[in-house]
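Colleague: For reference, the chains in residue letters:
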Amino acid sequence: MKLTELVETLGLEVRSCSDNLFKKEVTGGYASDLLSDVIGNSRSGDLWITLQAHVNIVAVASMKELSGIILTGGREPDEDTIQKAESEKIVIMVSKLPAFELIGRLYDLGVRGVSNKTS
Amino acid sequence: MNVGKTQEMVYEMKVSAVMTRDVITIGSKERMSRLRSLLQGNRISGVPVLEKGQLVGLISIEDFIKWLANDQEDCAIEERMTREVTTIYEDDPLVLAIRKFESTSLGRFPVITRDQKTLVGILTKGDVIEGLLKKLEIDYQEQEARHFPARYLFDNIEADDTSLQLRYNVKGQDFTQAGDSSTRLKRTLRRLGLRSDLVRRIAIASYEAEMNLVIYTEGGRIRAEVEPARVFVEIEDSGPGIADLEKALEPGYSTAPEWVREMGFGAGMGLVNMKKSADEFIIESEPGRGTTLNVSFRINEEPHEVN
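Chain order of the listed sequences is V and H. 4 is the number of the first residue of the first sequence in the numbering used here; add one for each residue after it. 767 is the number of the first residue of the second sequence in the numbering used here; add one for each residue after it.
Take these hints with a grain of salt, some might be off.
[Unchecked claim] Some chain H residues close to chain V (C-beta under 7 Å, calculated; not the full set):
1) Gly945
2) Phe1031
3) Ala1033
[Said to hold, decoys possible] Taking lysine-lysine pairs in the PhoX-like style, the calculated list, with each CA pair at most 20 Å apart, reads:
4) Lys891(H) <-> Lys901(H)
5) Lys866(H) <-> Lys780(H)
6) Lys26(V) <-> Lys900(H)
7) Lys92(V) <-> Lys26(V)
8) Lys900(H) <-> Lys5(V)
9) Lys1013(H) <-> Lys26(V)
10) Lys1042(H) <-> Lys1013(H)
Everything labelled a hint here was simulated from the structure, so no lab data went into it. Each residue gets a CB set at the ideal place from its N, CA and C atoms; glycine is no exception.
Please build the complete structure, drawing on both the sequences and the hints.
Modeller: Structure (C-alpha cells):
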C-alpha cells in the first residue's frame, strides 16, 4: 500500500518530505516509543507509530528503512526533526487521533504488524 | 537494460505469471441489467461468462452499449454475449499473448488451463506490461546486489591482506547529532555495494553503540574495517566503563537517567540488539577506563535480517 493512500484515507498531515509520499510502499506497521525496541523489532517498510517527536526518530527510521513515521495525539515534530527528515528523505506525518484509534484504523485498512506467511 | 533482455523475458515468462487471478465473472443466465453495476463497480470493460463453471462466452462494454442503444429490453447475458472467445493457456509464453493482442486487436483474453479448460485468470495488455516491468525491476535489484564494487578494489590490490578503514568520532551528550556517524557509515557501505540486509545489520549495531557513546560517555570512536570476506566494527570509549557486564547484557537492564528514558532511549535493549545483529560480538569493559566493543559480520553468509 502506498503512503499517499493512507494519508488521504486517514486525513494525516504531512510534515516532511511530502514528495516521497508516492514512492514509499507501506508493507507493515510497528508501534513503540522505545527507540531500541523499534531498532530491534521493526521491519524495513514498516510504518512507525509513535509519540516521540525529537530528532533521533529520523535516524532510527532511516537506519531501519521504515516507510514513514506517524506522530499520534496531535504531537508536532521539533523543528530540527523536520530538517533532518527532509535531508534523510523520511516522511513524517501527524494525526490528531490517539495511538490506539489510529492503529485500529490502519489495521482496518490492511496494515499488519507481523508478516502474514500463511498464503 | 536493453531490448534483448526484454525479448528474452517474453519468451521465458508464462501468462500465469502476469495475469490477473481474481476474475470477475457472470453467469450465462443472469440478466443484462446486472452488467452495468458489475462493469462500473469494478472498472472493467469485459466479463467472462460461465455456465456450470465452464467458460462459454465473453460480454464486453461494447456489447452492453449495443444493448443500451437498441432495445434495452432485459434479457439473459447469453443472448448478447460473444460466443467465440479467443482464450489463451496459462502456460503459454508471453510472446504468444503479445502476438495475439496484435493480430486480434482484442483488449483481453480469458486464461484457461490446458487440460480442463477451466478459467483461471484474465490477461490484458496492462497485465503484460506491468508484469514485464516488475520482472525487470527484480532482475535489476538482484544484479545490483550481486555486484560489489569494493570487490573490484580488493581484487586489484596486491597485498597479503587488504582492508578499508572508516573512522568516525562520536561526541558525548550531543543528542542532536546522535546517529549521524552510523548514518554516514551505512551510506558508505551501501556505496561500496554490500548486500542491503548486511548493511542494515551493521547499521543497527553501529547505531546502538553510537547511542551508548552519546548517552553514557564523553564521546568515543567507531572504526569500521571492510575486508573482502567480512566487516569488522570496533567501538571504543575511555569511560566510565560498565561495572556489571553480565547484567548489562540482560534484556531490559539499564542505568540510563530518567530524562534519557523519556526520549525513548535507555530501554536496556541496546547491547541485546547489537548481539542479535552481529555474527560475532565481544565486549570488554573496565570501570573508570572505558569500554571496547568488537562486532563482526561475514560478507558471504546467506542473506538474513536480524533474528
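Colleague: Hints numbered earlier in the text: which of these fail when held up against the supplied structure?
Modeller: 9
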